[in-house]
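Keeping their order, the protein sequence lines are chains A and B.
So in our numbering the end of the first sequence lands on 113, straight run, no missing numbers.
So in our numbering the end of the second sequence lands on 116, straight run, no missing numbers.
Just to be clear, a hint being listed does not mean it is correct.
Straight-line alpha carbon distances no greater than 30 angstroms define the calculated DSSO-like cross-link-like pairs of lysine-lysine that follow [what the hints assert, rightly or not]:
1) A:LYS57 with B:LYS3
2) A:LYS13 with B:LYS108
3) A:LYS57 with B:LYS38
FYI, nobody ran anything at the bench for these hints, they're computed from the structure.
This one's a predicted model, so the numbers in the text were calculated from it and none came from an experiment.
Here are the chains, one letter per residue:
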Amino acid sequence: KAGVTQTPRYLIKTRGQQVTLSCSPISGHRSVSWYQQTPGQGLQFLFEYFSETQRNKGNFPGRFSGRQFSNSRSEMNVSTLELGDSALYLCASSSRIYDTEAFFGQGTRLTVV
Amino acid sequence: AQKVTQAQTEISVVEKEDVTLDCVYETRDTTYYLFWYKQPPSGELVFLIRRNSFDEQNEISGRYSWNFQKSTSSFNFTITASQVVDSAVYFCALSESGGGADGLTFGKGTHLIIQP
Chain A
1 KAGVTQTPRY LIKTRGQQVT LSCSPISGHR SVSWYQQTPG QGLQFLFEYF SETQRNKGNF
61 PGRFSGRQFS NSRSEMNVST LELGDSALYL CASSSRIYDT EAFFGQGTRL TVV
Chain B
1 AQKVTQAQTE ISVVEKEDVT LDCVYETRDT TYYLFWYKQP PSGELVFLIR RNSFDEQNEI
61 SGRYSWNFQK STSSFNFTIT ASQVVDSAVY FCALSESGGG ADGLTFGKGT HLIIQP
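Required output: the full structure, derived from the provided sequences and hints.
See the structure below:
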C-alpha cells in the first residue's frame, strides 16, 4: 500500500510570507503527527491530530497551525515566515491512538530566504 | 521534563564490526515508551522498535538488538556484523503518550558510517 505522502517535497519562500504543507497518511490511518527537523534543534514535535481533532501540541509559537480533514489528510500552516523556520518538516501516520508503529513521510524541505 | 541524550554524534566502523549506539533518557513518569528510528539520506524516519517502561526484556531482531536498563535509564542499540546499508542517522526517542508518533522527544541522533 502507498506510504505517507508529503507535498511539496521542496519549497522556497520569502520572509514574511505564509506556507501550507500537506500530508496524506497511509490509507486507513487516522492519526497524523508533525515534526520540525533543523540542524540546531534536531527533531521537535509540532502537533498531533486524530479524527480531525488536535490532541497534542508541542512548544511552538501560534504562527504554526494545522488541521486534519475528514479523509485524515492533514495540512500545516506557518504564517509570517522567519529565516529560522527553514527546516525539514516531517509527518507521520498511525492507525490508532495507541499504535506501536508510526510511518513517516520523506518530508518537505522548506527554505526561507 | 523529558530528555533524551545520544552522546555519540558520529561513529565510523569498518563493515562486519559490531557497533553499539548509546541512549540515555530522563523522565519523571513511571509509564513511558522508548523508540529507535533510522533516518537514511532520503529523509524519512524508519521505525525500528518501541519498548514500554514495564518491559525490560532485551530484544533481538536479526542483526539488531536492544538493551533496556531502567536502573541506568538507558536503551542502547547494537548492530552485529554491520553492513554498509546500515549507514544512516539513528535516533532514540521517548514518549509518555505511547501512541504512534505522538509527542516524541528525540535525541540529537548518531550518524553511523559503515565503511566497506
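A quick look at each hint next to the structure:
Distance check on the hinted pair: LYS57 of chain A and LYS3 of chain B sit about 17 angstroms apart at the alpha-carbon level, within 30 angstroms; holds. Taken as a hint, the LYS13 of chain A and LYS108 of chain B pair is honoured in the structure, with Cα atoms around 27 angstroms apart against an allowance of 30 angstroms. The suggested pairing of LYS57 of chain A with LYS38 of chain B holds, with an alpha-carbon distance near 24 angstroms, which does not exceed 30 angstroms.
When held up to the earlier numbered hints, the structure conflicts with none and fits them all.
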